[in-house]
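Based on these hints, arrange chain S on the given structure of chain U.
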Amino acid sequence: MTVLQEQAPLMSARDVNKWLGRNHILRGVDMTVEPGEIVCVLGPSGSGKSTLLRCINGLEAIESGTINVDGDRVGFTTRKGQLYEHTEQEAALMRRRIGMVFQHFNLFNHMTALQNVTYGPRKVLGLPKAEAIKQGLDALDKVGLSLKRDSYPAQLSGGQQQRVAIARALAMKPQLMLFDEPTSALDPELVGDVLAVMKRVAEEGMTMIIVTHEIGFAREVADRVVFMDEGRIVESGPAAQVLDHPANERTANFLRHVK
Amino acid sequence: MTTNNEALTKVHLATDSPLTTPQRSSDEPQRVSGEKARRRKPYGQWATAALILAIIGAFCWTQAGNEKLDWASVGQFMFHPAILKGIAVTLELAVFSMLISVVLAFGVALMCQSRNRVASAVGKLYVWFFRGVPLLVQILIWFNLAVLYPTILGTDTNELISGFTAGLCALSLAESGYMAEIIRGGIISVNKGQTEAGLSIGLTRGQALRRIVLPQTIRVIIPPTGNQFIGLLKASSLVSAIGGSDLLTQTQLIYGQNFKIVPLLIVATVWYLILVSVASVGQYFLERKFNPEGASSRFSFRKAGRP
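Quick mapping for you: the protein sequence lines, in order, are chains U and S.
Residues 1 to 259 (the working numbering) are what the first sequence spells out, left to right.
Residues 1 to 307 (the working numbering) are what the second sequence spells out, left to right.
Okay, chain S solo, but in the shape it has when bound:
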């Protein structure tokens, strides 16, 4: 039905607009050009749209009247200092564990690709473990590290491992398992000929990997890394299980005192959505910057443009 509509619309537009009317020589027979096809009304689409809007509207209507939602409290706590502090901690957790995991993951990916069998086996084992153990379990293990090692380098482990540091360690390591696979995929995606060309101008294998192959993996790695970062922003809420003082922890602390559970969860929801949206926009621009054949290619990829 939709395709029919489109076809009709095109006929209509083509005959209507002088710009799109093709030049015709006089000896050609008159076609349907003089007629005007009436656009068929998309009743079906209208009906579907109305139904969807009705359902959403009904939901909003019932919720707006729901006193337990307590929008006043949502507004009151939206910019509460404790909430803002929680947002800062969530951001710190996500950004720092992303950075740490990327560094770790590059090492692990190179190990996996190594011709040294021990290195490649250890790399694969690393990915298997940190990708395999649920994040919440890893967080709890780190938080209870003191049971295993009461002191680390002479310092009391419980002093060293706060909710934040335990969360940071767990998030970084778990994330590095995923990132290692993403980076390994990026390395594999670069044609073998690139390495050979590097070798042929006198680079060693290591130099060819670092200077020729890795820079080309960046473009392949960026989009999935953006997704991983968004996932990490949300996964950081798991540290609330050990009181990591992130956004969700702060939210829970507040509603534990005033019992305004739903309004505070709405505050957290709104803030997580905002953070994720900002990250998505950032990802969009990063992708554009690193795509040399993309829209603004020549000017943004390697700004210098010359060696």
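With the rest of the complex left out, here is chain U:
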């Protein structure tokens, strides 16, 4: 890790390449996210947005390049000048600092909403039960679902499940939150509730990287919009600039279709 960090970005990706079988998914992605910054990643499906998120929290390994989160390299550690792959424990320690919200929620089906939210703090962070429950109820309250604390995921709507999933990720007090198309699997009338919760999280100063197709949300909440196509970042800049005056032809074309 020889990269000089002038202003210490919270997340920095340099020349990241990722292959899945024969497909070159990420082709030299460079990206930095400052602390407290909200970055929305747009782009057609198959452009590598989701894969980028999965690489940032180490769910997928990258073939070349480096990804750093809060000064630590994702997936590798240096001991006595030698680079080593993370052990399971080291990888887990890294991932607990990065919250992730999935397109299909992935709530633990055999646990109630409250159990979902308190499981990580209790078993991973080692919080005492009473403290974990107190914080878990606060987290559920923040997403407006404290009344559903004893409901199982199957008893909740998609929007409610996604809000519980956000609360579950927040309960780990992560330094960075990743959202992988959080509203794509929802019925249209449920999207608003989830976006409102995400906006509240953003207002509290959380650093967020959001892969989304919600242009309106990106315009309103994002500090910066990144546009990806075919595994590359083709345009990046302030939300208003990229969305209203795209410099890149492909960005403009995509936005015309989405609007």
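Some hints could be false.
List time: in silico BS3-like cross-link candidates among lysine-lysine, alpha-carbon distance up to 27 angstroms [what the hints assert, rightly or not]:
1) Lys289/S / Lys123/U
2) Lys260/S / Lys68/S
3) Lys289/S / Lys234/S
4) Lys129/U / Lys289/S
Coverage of chain U stretches by chain S, computed from C-beta distances (three or more under 8 angstroms per stretch; other residues unrestricted) [unchecked claim]:
5) 86-92
6) 98-104
7) 113-123
8) 168-180
Negatives, chain U to chain S, calculated, CB over 10 angstroms [claimed, not checked]:
9) Gly81
10) Gly192
11) Met206
12) Asn248
13) Asn253
Note that these hints are calculated values from the structure, not bench results.
The beta carbon of each residue, even a glycine, is placed where N, CA and C say it ideally should be.
Chain S in isolation, oriented as in the chain U frame:
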């Protein structure tokens, strides 16, 4: 024909019962509501039922008069101490080999799913062998273990391996081959997203498997496991081939002396049916308990309900 009958019945009921008569506004034309459709008699069904009952009745009639059946002897041996002891051994065999096989099968299923290629190959080989060799052959091999290993850890093998222990070993291992496949199926049935969600809150892969995935497989595993247990109850009768002192062995011992073969086989039949019926009822309640979306869901699944 049946569907016609049902349709007619519905018309009849709808017009007959004031509860199901829909409210009609006065300007609507009168429909067939005033008429009563006569229910068509299901003569065909009656004929079939009569035929079936006649066949069963004829069978019972001829058997009731069959002196060789000797119902008095059936009654006499139904609760014979030797028979009751045999039932106890059959139950022990089934329950213990089920428990042992589940423990073994969890290990084998995890090996099969492992990213370690040697482990997964050995796991698959295990399933292939113990599921492939007929149970009776496995029982005989265990019973004749002394030929291979005259002593085990300094003890005479023939002292160690009785009919019961040979049967227990064979049943457990053979069953674990099937159970490993059932558990592996359960693990596969849990969405990959569950593991990823576990990883994302900082669990290691092993922790995610043990704490997130495995608990969710239980619900999928229970119904086939119940079937396996019922199968095991019946398969345990095979140890009679080596004198495993189970229900069938005891039955054979008795009829070997008094030659009342059929009455004693009826005793065994009745007891096996009773055991299987009890197991079926147990399976029903287990399934209900482990189905969180089922009838009594919220209250029975994880009674505590809160973390």
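Beyond 10 angstroms from chain S, beta-carbon-wise, is Asn248/U?
holds (32 angstroms)
Are the Cα positions of Lys129/U and Lys289/S separated by 27 angstroms at most?
This hinted pair holds, its Cα atoms lying about 26 angstroms apart.
10 angstroms Cβ clearance of Gly81/U from chain S
holds (27 angstroms)
In terms of Cβ atoms, is chain S entirely out of 10 angstroms range of Met206/U?
Met206/U is indeed farther than 10 angstroms from all Cβ atoms of chain S, at 16 angstroms.
Holds or violated: are the alpha carbons of Lys260/S and Lys68/S at most 27 angstroms from each other?
holds (9 angstroms)
Just double-check Asn253/U for me: nearest Cβ-Cβ distance to chain S has to come out over 10 angstroms.
The claim stands: Asn253/U keeps its Cβ more than 10 angstroms from every Cβ of chain S (closest is about 32 angstroms).
Between Lys289/S and Lys123/U, is the straight-line Cα distance small enough, at 27 angstroms or below?
holds (26 angstroms)
Please count how many residues of the stretch 168-180 of chain U have a CB within 8 angstroms of a CB from chain S and say whether that reaches 3.
holds (count 3)
Non-interface claim for Gly192/U: all C-beta distances to chain S beyond 10 angstroms?
Answer for Gly192/U: holds, closest chain S Cβ roughly 24 angstroms.
Verify the coverage statement for the stretch 86-92 of chain U against chain S, using a C-beta to C-beta distance below 8 angstroms and requiring 3 or more qualifying residues.
holds (count 4)
Chain S over the stretch 113-123 of chain U, status - at least 3 residues with CB closer than 8 angstroms
holds (count 7)
Within a Cα-Cα threshold of 27 angstroms, do Lys289/S and Lys234/S meet the stated pairing?
It holds: about 25 angstroms lies between the C-alpha atoms, which stays within 27 angstroms.
In terms of the numbered hints stated before, the structure departs from none.
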